[in-house]
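*Asks:* Sequence lines, in order, name chains S and B. Numbering-wise, this note's numbering puts 51 at position 40 of the first sequence, and it's gapless, one number per residue. Numbering-wise, this note's numbering puts 146 at position 113 of the second sequence, and it's gapless, one number per residue.
Since the hints were derived computationally from the structure, they do not count as laboratory data. One or more hints might be untrue.
[As the list claims (entries may be wrong)] Footprint (simulated), chain S over chain B, 3 or more residues, beta carbon under 8 Å: (1) 112-124; (2) 332-340.
[Stated by the list, open to error] In the DSS-like style, the derived pairs of lysine-lysine whose C-alpha atoms are separated by at most 25 Å in a straight line are: (3) B:Lys305 / S:Lys23; (4) B:Lys189 / S:Lys47; (5) B:Lys248 / S:Lys23; (6) S:Lys23 / B:Lys137; (7) B:Lys65 / S:Lys23.
All values reported here derive from a predicted model rather than from experimental measurement. Where is the CB? At the ideal position from N, CA and C, for every residue including glycine.
Here is what each chain is made of, one letter per residue.
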Amino acid sequence: MTYEVPVAPGEKAEIEERIEGAADGWPMWEVFVRAKRGISHVHIGSLHAPDARTALQNARDVYTRRGEGVSVWVVPSSEISAFEPEAAAEYVEANEKVYRLATTYEIPDEVGQM
Amino acid sequence: MAVMTPEERFQAIVDAESKIEPSDWMPEGYRKTLIRQIAQHAHSEIIGMQPEGNWITRAPSLHRKAILMAKVQDEAGHGLYLYSATETLGVKRDDLQELLHQGKHKYSSIFNYPTLTWADIGTIGWLVDGAAITNQVMLTRCSYGPYSRAMVRICKEESFHQRQGYESLIRLCNGSPEQKAMAQDALNRWWWPSLMMFGPHDTDSTHSEQSMQWKIKRVSNDDLRQQFVDMTVPQAEFLGLTIPDPDLRWNEERGHYDFGEIDWDEFWRVVKGHGPAARDRIEHKIRAWEDGSWVREAAIAHAAKTRSAA
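Same shape as in the complex, but just chain B (with noise of 0.2 Å):
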């Protein structure tokens, strides 16, 4: 048998569809273009407590309170775990999270956007979940095994999302028109931000097609969109809401919907950090971190002490 260099190694493990694991040899550039991705994800996820930790206080029922809190729990989870997997790639958690306070990490432009009615709980855990799973249902199966557990993992809690926000929202919609207008009010908000969510068309997505050949991604941007739009929409006519989209019909010949252009302006906008809610959100969690030094300190100081009284 030929000796294999081993990027041919590399390669092989990642056609045969097997898993690349942290102790394996792997392109500089693929160690790299998973620890953006994984710590942009980590990040999202923390970051993303924050509008739905907002309504907290003002769950409309005690029932409500405990689903929300618990949801919210599992963000910080789900950020725990994708820390640790960057971490198998050899980099520290407390630098990824000084680099986001620093502003020179991002996270996902969605969480930029304000929570303003209750309907907008349910309607993120629907639309907004909705789109996250479309997407991590894929990374389960990615080639690289940490990242792909772990989605594992979130994948299943995020069916808990989804459906509780889903139920909420139908809720609102056998409520009062009032209720069900709110419900309507919040879906016109998060539509297009939910398909935003996807990234560019295929055509402009610069470094999918590397992505695609690690198999980090296995799904082009556009086909997620598309499944995602096809889900989404009879469970809309459920509802009895409308989506706000004068273009979207059932194309029989495609077997699909169509659906009409996002407003690429205000994409980029809202990627380059000009959100709503954008400087909130790290000034929020740049207070959190500096209100809880505290804590940690202590924790340290407590654990030094216990052991050299041992």
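Chain S with its partners taken away, still in its complex shape (with noise of 0.2 Å):
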């Protein structure tokens, strides 16, 4: 609960989602950071920014106060495509080809680690 607030007797506890004609800020820009030197940029979360630049400025206050990486790469998150929901639950579920999958393989146990 902590940073939720109880809905008071009579109260209704749905709130409002949208302004209507609002202006829209800052574009948003999703986050990669390399945590030290031998492993890939991984996505940490996703920030507001006018430019790349500043994107980058924010990036590293935002998610790198601690040393968290060493390395960060911002995108524009319009710019990220993705398959849709129900493409990507195909796409994913898709793993009947077991004969891919090197467990699959009985190795006599006389021929040893391979």
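Could you use the hints to bring the two separately framed chains together as a complex?
*Replies:* The following block contains the structure:
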């Protein structure tokens, strides 16, 4: 509960989520951080910024205040392409081709580690 | 295999302790509950900068000032992680800001209590952040991926908040009689509001059951409150401070501390926006937003100019 506000008796729980006609603020960027040398950049979150340079500065302040990274990428969120949710489900669940997996093949113990 | 409905598939993922991600189908009620909870959490972090920011210029040493600035900066960061999490649910950060300014969104009542002395700063770290950690550790196991991930980051940083607060109180409690009295006074004022942070009794908590089924919430209000009391009483004893509750005692049979009843009238009064500092907090927030508007506009204009020059 803590930072959630309890619903007072007689109050409705639902809150508004939108302001009609509100201006769009700064565009959104996705942030990727390389935690240390030798590993890939990993998506860590998003933020708002007017341009790439400010996005990088904001990313440093928001996501790497304690040395969490040695390198940061920012990408405009609108530039990220992804499968539609339904297509994504088919895509990731099509794991019927077990012959692609190394563990499918039985190698006799005498052969040793392979 | 029987084809599952989207609802069954959703609940199966939740029941399997896996995570729901932004592009997954989710019940409208789940989405709305999350937006409400995460937005209120984000607003709380942002408003929470004020009671502590109030003491930055009056911190007793440069060391304490640097700590306090880092902590307040963390609170801003926490607010931003959480606004990002709400945006994965299809709302806009600027809309949420505006709804907060218009008083249509709420934030935690704890920030409507004023910070009267320096000891309040240590006490907030120890108790308020301590209560927040108790809750947020539970939320790292929340079924919604982006919220859960934000909580993991936040919990790491909250640990600094709590430890620096407690350490600062150790100093005060080992200082002059006046300093120790100041620490006791701060505990007297913050103890009950901290217990109130866990919300109403389970029996009066209207939406808990559904949130538990969705695994947004994993532990009940009363259980979390008990956890917090059990953890905190020995810490108060170490400081040599007295928790302001005559009913507080160890219950051998239960293996927990028994404690007194919260003043629920005050609880609901503050929840409804009648806390001592409620009006100041929002006025200050709106002023900061409006005073910063030229910076936001200039940055957009500069970005457009740079783009067209390129």
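*Asks:* Hint check: lysine 189 (chain B) vs lysine 47 (chain S), CA-CA at most 25 Å. Holds or violated?
*Replies:* Between lysine 189 (chain B) and lysine 47 (chain S) the Cα gap is close to 18 Å, so the pair holds against 25 Å.
*Asks:* With the threshold set at 25 Å, check whether the alpha-carbon distance from lysine 305 (chain B) to lysine 23 (chain S) stays at or below it.
*Replies:* holds (13 Å)
*Asks:* Has the region 112-124 of chain B got at least three residues whose CB is nearer than 8 Å to a CB belonging to chain S?
*Replies:* holds (count 5)
*Asks:* When I compare C-beta atoms, does the region 332-340 of chain B have three or more residues closer than 8 Å to chain S?
*Replies:* It holds: at least three residues are needed, and the region 332-340 of chain B offers 6 whose Cβ sits within less than 8 Å of chain S.
*Asks:* Quickly compare the C-alpha distance for lysine 248 (chain B) and lysine 23 (chain S) to 25 Å and report which way the hint goes.
*Replies:* Holds, because 22 Å separates the two Cα atoms, which is no more than 25 Å.
*Asks:* Can you confirm whether the C-alpha distance between lysine 23 (chain S) and lysine 137 (chain B) stays at or below 25 Å?
*Replies:* Within the cut-off at roughly 12 Å; holds.
*Asks:* Given the proposed pairing of lysine 65 (chain B) with lysine 23 (chain S), does the C-alpha separation stay at or below 25 Å?
*Replies:* holds (13 Å)
Figure legend: structure checked against the earlier numbered hints; every hint is met.
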